[in-house]
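Mind docking chain H on chain V? Use the hints.
Protein chains in written order, with my numbering: chain V, 1 to 324; chain H, 1 to 188.
Any given hint could turn out to be false.
What the hints assert, rightly or not - Only pairs whose alpha carbons sit at most 30 Å apart, straight line, appear in this in silico BS3-like list of lysine-lysine: (1) K99/H x K176/H; (2) K57/H x K310/V; (3) K93/V x K57/H; (4) K109/H x K99/H; (5) K98/H x K176/H; (6) K10/H x K310/V; (7) K14/H x K99/H; (8) K109/H x K14/H; (9) K57/H x K42/H; (10) K10/H x K57/H; (11) K14/H x K106/H; (12) K42/H x K310/V; (13) K153/H x K106/H; (14) K10/H x K99/H; (15) K10/H x K93/V.
Unchecked claim - Now the stretches of chain H that chain V is said to cover, found in silico as 3 or more residues with beta-carbon under 8 Å: (16) 22-30; (17) 34-43; (18) 46-54.
Treat the hints as calculated values from the structure; they're not laboratory data. Quick reminder that beta carbons are idealized off the backbone N, C-alpha and C, glycines included.
So the chains spell out like this:
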Amino acid sequence: MPTDWRPTASIETLRARARLLAEVRAFFAERDVLEVETPVLGHAGSTDLHLASLSCQATTPAGRERLWLQTSPEFHMKRLLAAGSGPIFQLAKSFRDGEVGRRHNLEFTMLEWYRPGFALDALIEETAALTCRVLGREPGPLRPRRYRELFRESLGLDPFVAELAELRRLAGERGGLDMGDAPRDDCLDLLMSLVIEPTLGRGGLDVVVDYPASQAALARRHRDPEDGAWLASRFELYCEGLELANGYDELTDAAEQAERFAADNAARRAAGLPEVDVDTRLLAALAHGMPAGSGVALGLDRLIQLALGKASVAEVMAFATPHC
Amino acid sequence: MATYSTNEFKGGLKVMLDGDPCTILENEFVKPGKGQAFNRVKLRNLMTGRVWERTFKSGESLEAADVLELEMEFLYSDGEMWYFMMTDGSFEQYPVEKKALGDTEKWLKEQVAYTVTLWNDNVINVTPPNFIELEVTETDPGVKGDTAQGGSKPAALSSGAVVRVPLFINEGELLKIDTRTGEYVSRA
Numbered sequence: 001m002p003t004d005w006r007p008t009a010s011i012e013t014l015r016a017r018a019r020l021l022a023e024v025r026a027f028f029a030e031r032d033v034l035e036v037e038t039p040v041l042g043h044a045g046s047t048d049l050h051l052a053s054l055s056c057q058a059t060t061p062a063g064r065e066r067l068w069l070q071t072s073p074e075f076h077m078k079r080l081l082a083a084g085s086g087p088i089f090q091l092a093k094s095f096r097d098g099e100v101g102r103r104h105n106l107e108f109t110m111l112e113w114y115r116p117g118f119a120l121d122a123l124i125e126e127t128a129a130l131t132c133r134v135l136g137r138e139p140g141p142l143r144p145r146r147y148r149e150l151f152r153e154s155l156g157l158d159p160f161v162a163e164l165a166e167l168r169r170l171a172g173e174r175g176g177l178d179m180g181d182a183p184r185d186d187c188l189d190l191l192m193s194l195v196i197e198p199t200l201g202r203g204g205l206d207v208v209v210d211y212p213a214s215q216a217a218l219a220r221r222h223r224d225p226e227d228g229a230w231l232a233s234r235f236e237l238y239c240e241g242l243e244l245a246n247g248y249d250e251l252t253d254a255a256e257q258a259e260r261f262a263a264d265n266a267a268r269r270a271a272g273l274p275e276v277d278v279d280t281r282l283l284a285a286l287a288h289g290m291p292a293g294s295g296v297a298l299g300l301d302r303l304i305q306l307a308l309g310k311a312s313v314a315e316v317m318a319f320a321t322p323h324c
Numbered sequence: 001m002a003t004y005s006t007n008e009f010k011g012g013l014k015v016m017l018d019g020d021p022c023t024i025l026e027n028e029f030v031k032p033g034k035g036q037a038f039n040r041v042k043l044r045n046l047m048t049g050r051v052w053e054r055t056f057k058s059g060e061s062l063e064a065a066d067v068l069e070l071e072m073e074f075l076y077s078d079g080e081m082w083y084f085m086m087t088d089g090s091f092e093q094y095p096v097e098k099k100a101l102g103d104t105e106k107w108l109k110e111q112v113a114y115t116v117t118l119w120n121d122n123v124i125n126v127t128p129p130n131f132i133e134l135e136v137t138e139t140d141p142g143v144k145g146d147t148a149q150g151g152s153k154p155a156a157l158s159s160g161a162v163v164r165v166p167l168f169i170n171e172g173e174l175l176k177i178d179t180r181t182g183e184y185v186s187r188a
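Isolated chain V (complex conformation) (with noise of 0.2 Å):
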């Protein structure tokens, strides 16, 4: 018999995990934001390169055929925006796989939300009084911290000019492995995660703008006043360390989505990865019209973690994954 059959969190931290989660709703509803759910499992899945997709088989009335679990409640729920429905939130399961860790949970609780007509500042602020009211503090002034900016403090280079050969070694030096063929994006993130996260989000809550635009995902892009570069027009949100949300000023094109889309499927194939069935149905949405606006996904169990003062996501979850 298994001896691991207890949950992962206290029942006392489960009690004021429903507390938060009332707190998360009650912040929602005094904006007039409206609650949905949509569905955990579609027929298309993310494309994201980095995103691993889990998918099962069901029989529906089309027959038996694949359907995918979400990483993010984002294309149904732009669908949803397409119709009219305004203001949008959800505390919405995803799915990621073989991603378990400290700070991550195969399946875990997103935030999502979405305001039609909001351009990115305004729900980066109200992204951090979210965040200041689950963690009962004070809402502090927020630190705009460009990505660029960052990399040239904390390392010294110019992450979007610095020769890739230059970045390579750099993420090798720092990370102790060899970058000697990586692309450039993974030399990025590797810096940023190892290097410059640990010291943001101390003492104070920390928004990181202006990615670069081969990591835009699903975020318009604009131009960098300096010198021209592209830029990705999203931001993420960090607090001790810890990055808690991804916001974007939603790309509504259609278009230029399928494309994405596409590009995203060609570096899976290249990298040797299994294709990712395309949500056409989102495309058709954007096609018909979605209002411009900025939404953003927030990790709730890194929230909530925070705010609880615990040491994992699996001690605020009531069985993490390896104990489900």
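Frame of chain V; chain H shown alone:
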């Protein structure tokens, strides 16, 4: 040879890295929301005892190391080799070189059980029990009555180690020592 992928890494797993057997101490999964996933891994090199911090791309794998940890008691030394015997009743003996013995040499006592690490059937490390009882062979005469006050003096033990002991300890006494810190714990 078996291999382990980064998502199988956990404390205690024995793997080969740069030609040396290592034991994994910690494995942390690191991943930006949208970006390459890495595993930040702390390993102890079993040959040198050094702790290495390395990063792997998630999904990479390492060869398993054929490492066994066995309980053996110390028998004797002929000056060149130190001999240990399995405590499982097989009476199987293993010779150990000075290099593999390392600091444990000063904590050797006959008939005490040690954890002996074998790699490809060769002994590469010997770990003493956390606590060991050893006799004082040489120290200044004890000071009567001084049991609570601070103050200490060096004492040579039967195994060859020299530790700081309270002033009231005399030659011939049996002491309990913490081998991890080399500190006196109590009279045995």
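Evaluated hints:
no.: 1; hint: K99/H x K176/H; verdict: holds (26 Å)
no.: 2; hint: K57/H x K310/V; verdict: holds (27 Å)
no.: 3; hint: K93/V x K57/H; verdict: holds (26 Å)
no.: 4; hint: K109/H x K99/H; verdict: holds (18 Å)
no.: 5; hint: K98/H x K176/H; verdict: holds (25 Å)
no.: 6; hint: K10/H x K310/V; verdict: holds (21 Å)
no.: 7; hint: K14/H x K99/H; verdict: holds (21 Å)
no.: 8; hint: K109/H x K14/H; verdict: holds (28 Å)
no.: 9; hint: K57/H x K42/H; verdict: holds (14 Å)
no.: 10; hint: K10/H x K57/H; verdict: holds (16 Å)
no.: 11; hint: K14/H x K106/H; verdict: holds (27 Å)
no.: 12; hint: K42/H x K310/V; verdict: holds (22 Å)
no.: 13; hint: K153/H x K106/H; verdict: holds (19 Å)
no.: 14; hint: K10/H x K99/H; verdict: holds (28 Å)
no.: 15; hint: K10/H x K93/V; verdict: holds (27 Å)
no.: 16; hint: 22-30; verdict: holds (count 4)
no.: 17; hint: 34-43; verdict: holds (count 6)
no.: 18; hint: 46-54; verdict: holds (count 3)
Checked against the numbered hints given earlier, this structure breaks none of them.
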